[in-house]
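Number of protein chains: 4
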Amino acid sequence: MSFNSFGHLFRFTSWGESHGPALGAVVDGCPPGLELSEKDIQPFLDRRKPGSSRFTTQRREADAVKILSGVFEGRTTGTPISLMIENTDQRSRDYSNVAQQYRPAHGDFAYDAKYGLRDYRGGGRSSARETAARVAAGAVARLVISEVKIQGYLVELGGDKIDRQAFDEAEINNNPFFCPDKSAVARWEKIVDEARKDGNSVGAVVECVAFHVPAGWGAPLYAKLDSELAAACMGINAVKGVEIGDGFDAARSTGRDNADALRPADQGDGVKFLSNHAGGVTAGIATGQPVVVRCALKPTPSIVSPLPSINREGEAVEVVTKGRHDPCVGIRAVPVVEAMMALVLADQKLLHRAQTGR
Amino acid sequence: MSFNSFGHLFRFTSWGESHGPALGAVVDGCPPGLELSEKDIQPFLDRRKPGSSRFTTQRREADAVKILSGVFEGRTTGTPISLMIENTDQRSRDYSNVAQQYRPAHGDFAYDAKYGLRDYRGGGRSSARETAARVAAGAVARLVISEVKIQGYLVELGGDKIDRQAFDEAEINNNPFFCPDKSAVARWEKIVDEARKDGNSVGAVVECVAFHVPAGWGAPLYAKLDSELAAACMGINAVKGVEIGDGFDAARSTGRDNADALRPADQGDGVKFLSNHAGGVTAGIATGQPVVVRCALKPTPSIVSPLPSINREGEAVEVVTKGRHDPCVGIRAVPVVEAMMALVLADQKLLHRAQTGR
Amino acid sequence: MSFNSFGHLFRFTSWGESHGPALGAVVDGCPPGLELSEKDIQPFLDRRKPGSSRFTTQRREADAVKILSGVFEGRTTGTPISLMIENTDQRSRDYSNVAQQYRPAHGDFAYDAKYGLRDYRGGGRSSARETAARVAAGAVARLVISEVKIQGYLVELGGDKIDRQAFDEAEINNNPFFCPDKSAVARWEKIVDEARKDGNSVGAVVECVAFHVPAGWGAPLYAKLDSELAAACMGINAVKGVEIGDGFDAARSTGRDNADALRPADQGDGVKFLSNHAGGVTAGIATGQPVVVRCALKPTPSIVSPLPSINREGEAVEVVTKGRHDPCVGIRAVPVVEAMMALVLADQKLLHRAQTGR
Amino acid sequence: MSFNSFGHLFRFTSWGESHGPALGAVVDGCPPGLELSEKDIQPFLDRRKPGSSRFTTQRREADAVKILSGVFEGRTTGTPISLMIENTDQRSRDYSNVAQQYRPAHGDFAYDAKYGLRDYRGGGRSSARETAARVAAGAVARLVISEVKIQGYLVELGGDKIDRQAFDEAEINNNPFFCPDKSAVARWEKIVDEARKDGNSVGAVVECVAFHVPAGWGAPLYAKLDSELAAACMGINAVKGVEIGDGFDAARSTGRDNADALRPADQGDGVKFLSNHAGGVTAGIATGQPVVVRCALKPTPSIVSPLPSINREGEAVEVVTKGRHDPCVGIRAVPVVEAMMALVLADQKLLHRAQTGR
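Residue numbers (the numbering used here), protein chains in the order written: chain W, 1 to 358; chain C, 1 to 358; chain E, 1 to 358; chain R, 1 to 358.
Looking at chain W on its own, in the form it has when it is part of the complex (with noise of 0.2 Å):
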């Protein structure tokens, strides 16, 4: 509802800059009685953490999590959590061309539209920066919906795609680019060296699934599971398309080829779906199969190439991006769209339960 929170019961509430002391997140109404610590936390924020190979930002963030309220003894209380990440690594004397021109593809220009002034420091809150809030918040959710399982990779990168025969999760968390077809990384390597050789940057495709989401979730109209989870991968820095199962595919099927098939499970009650073209949501409701999220991310917008812009005064400038930053964006996405899957099933859970008591 408000700007900077997310979710309807399961809740959090961002707040920082790139450059500022610190950033952050409160969750609110995380049930009580939880085990939680930083231990659970950090690892979340250790897999989207900057500097961690050569094709990410160098910039060098600890990223160290710290839990300032709403858990007791190590159990949550049900009371709101406070979660701080202090920025350790700031250099803004690299962006201070950045104050008064407006990089090209960024939100300098709309910012200052919007604002009047903008702490441009780093993106300021624009930054890519706050998603570590977000994955904080998320390894949160996480603990909510236990029973569910939330795996992200690239399937694209540089507009090469994955072999899906040659799918592989155990790989995933083996190379630098949450790669899940192993014959597909050194293509991605030399992808990404060459467009950093040359000032440039690349783009890619995040998937990311939830197995195990209890068929019902969803709370349709207005907070459909689908539509939730549009808003939230949409609202990640440099995401510009979303897609649940087929998605743009599903425009070129039909309804025949487009139906997934029930049948009785093989064995007990329940049912067996004989494909998943929904991508596990009819209706805005969970069908209990996989949820299928897609995300397209755009290159990164700053790269040492000179463009063409304008400064605040409104006259034609060249822009060089310097400072530290990722030749593609979309790798450190991965943990970023994972938690805020995890957010909007967390949100889901309690909502459905809620209203039906299950």
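You can take every hint at face value.
Beyond 10 Å from chain C on every Cβ pair, some chain E residues (computed): (1) P50; (2) R54; (3) S96; (4) Q100; (5) E147; (6) V148; (7) R164; (8) N173; (9) K190; (10) N200; (11) V304; (12) P306; (13) A316; (14) R353.
Computed list of lysine to any residue pairs in SDA-like fashion (alpha-carbon distance at most 20 Å, straight line): (15) K197/C x R256/W; (16) K322/W x D257/C; (17) K66/W x P32/W; (18) K272/E x P306/R; (19) K161/W x S253/C; (20) K66/R x P43/R; (21) K272/E x E318/R; (22) K190/E x D163/E.
Chain W side only, calculated, beta carbon under 8 Å to chain C, not exhaustive: (23) F109; (24) R125; (25) K224; (26) A278; (27) K298; (28) T300.
By construction, these hints were calculated from the structure, which means they are not laboratory data. Cβ coordinates follow ideal geometry from the N, Cα and C atoms, glycine included.
Using the hints provided, position chains C, E and R relative to the given structure of chain W.
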């Protein structure tokens, strides 16, 4: 926040089922003093009205809207505007078989899983008929954003794309497909006719553009303009994918090619952009360029071809969906996408005004 | 959240003006599977119905409620429940003089100041007639909290208090004042008759008690049970004060006297309290004792005595309010306070269930 | 909306416990460009600071506020403002006995009933210490409503009322009671000293007035100005009653006596009121007169006298509350009521601006 309301400040709450006595929307937060009568709403309802061509459902509904509150002596009073549309052509008998069976790719199974019961007549609450309420509310929203022009159309049907070179806005309302490419119309007629003859259905891609959206509208970080548009569009029946600007193509571009260069405006102050890959939104805030959204709509799941499914007892059945259905729901989705875009923009205008005073 | 909606999860949105074609409420978030028909709602509307005695307005309204959605085969479906009450006995001519003049202690001046225009017929949106929508919604809320019993009554009219020793719940519905003290009825009849004869009106104090509210309901810190009740009651037309438990008397007590001692329950587990100064709420959470609310209602501002005021041109005028008005609005407020209490408790039950799973 | 957030557009989320490392608030929706530094907030925190006189708790807290985000080069940026106050003088050992016992009139029993566990140190989340976060957020709100002047004070302590004839605003900050009646101060000192000597505590009544609130602020029907103020005040620790204007006295008045006559302003356009029984609010909207709120605060429940209660096992015990407590919590509530009033008015200003453009 709640299940069946949409928007933060310019907010509507929708109610009603496909085969109930009526459906409607309560529009809340509308500024006072706007001239409003049924005449301002009816034309938009007529655009999505069923039975207007052989390419849509043959259900005959007048879709006549009544204003029950919030308007006095022809002007809005700032109090809730209650809009009601009576259902007149229900044929519940058509749906009797749906009561016990789950139609694949429909909400039947998920609704039962969630609520334990459902109004099965015509899909009940999950019917696309509910979008009439959105279109009515959207017509009010348009009055709030009179500076903005919104135009939707189909860019693809059954996998057949328009020729962008042949784009002619004047053609959009000259054919039953909201198709801006005259040369595509004949092909699309053939596609839809064959699909129906085959007891099948096809999908489509809707594109919708908002012109003259002032730079600065948008509410970062969790009510971003693009994030709200994604939620609004993904919440429309049958939508499985949403793109802003270049969308998934941006993921295949590079930082250099994807940057929208800024230049001083040709005359006076202000800026001009040399391209619009961003689709008018950066960092969740409008840039002043046209805001471009695309939605992928799956093929109508209601087809007369038998599909394998189960009944409420979990037994295997073959489902044949009788009744009167759109062979391509994407067609009538065009005015719905327009309406949702108007609703998001009206809300964002008020949010922007609240925070900035402009 | 929004202007004309109340509640977080069990939420209703009200619409309509005193002299429009109808008024109503959309109840959202209601659990599925509850038996509901107009018969469950009408009795509560009849309790607040005008014209039921000479001590209330002589306007004659059937206040017949229609359920337009959200109920199928006699049970709630979990989708929005649209409730409509048609206005049948408007006499707009009675109010023509109000169009140009501001009635003191009415909303006329403030509405014009806010909106620049107003529906002046019978007070338009600010008319107590809107409370019919709350009572209808409240009747649905009662089904959600069937474990709770809610009983309202007058404890004071025109400054004359009931004798607490003479309190007899059985009397409440045996007189036109919802008065639990038989001996007070004759006095109150005299007070109201004299006020009317004198072209004047009187105030009243409503007390409302919810029994069997489970310990634990309440949503600290900013949706506390008592805080929500205060908002719900202060939002009722003519209410100028709200107390929980001992209320203002608590400010005159001491820590020792105001403490509600706890003791083991006489049999089985659990607890008993030796007093209920707290009115069943501590720290915003229900203690399991009866929840006690009191509301002060000002005298009806609509009186036939001339009062000094101004017109829309700012000129001095003497206002005489014709029309048919309650000599004591506090009387008919009793079912409204009950309804708002039911709405708050239904919402709190769902909030509690969402966070705790109980 | 959510549990620990307050406000619709100008919104704050509070976090923290009495004995955690810190507490704070995130202020969201603040307009950009306002000059803000810790210096604008600290004075208000100092007013409510413990240990400032022998009439308040002897806990020593610097209550030094830090701004962690949302301010750049001395001005608000329109992004969330994170405010943090570190706890420095916790003495958890004082509270060890509270872990197993329920203090009567405290939240202990209710928190356990709700959450199954609680941070018992100093009341944890239910401690009045949390109000420091409200006061800090309120200081930011004051900048948003610079046209409004807010002044709170005590009108009653331990049942002893001020003499309205002796009201002198200049006295309010000249004594430890925020007492506007010089002659009452000595009496109140005696009352509080005796209560403490007796191991007891006393209640108080706070009155708070907002001057120059523009006519028109207020959001009918369910975010009315008076309704929001009632929620804001009833949510403050120990408050058991709230009045607007004449409050409960209005229930003892008549329509004729309670009417605030309007007259043309003495010079220029506009209006003057001949009285202010309404306390500046009619139909939920500001009239332009001073907005007057009164809150009843119960006596501090934490007293050293033994009180009968039970422990977590349900066994009868005598509870003696050690620790350092205010003998009259009403005193330090004055800046809290002021802060909540500022927060409500800032929110209402933005809501009004959003809908009306003024």
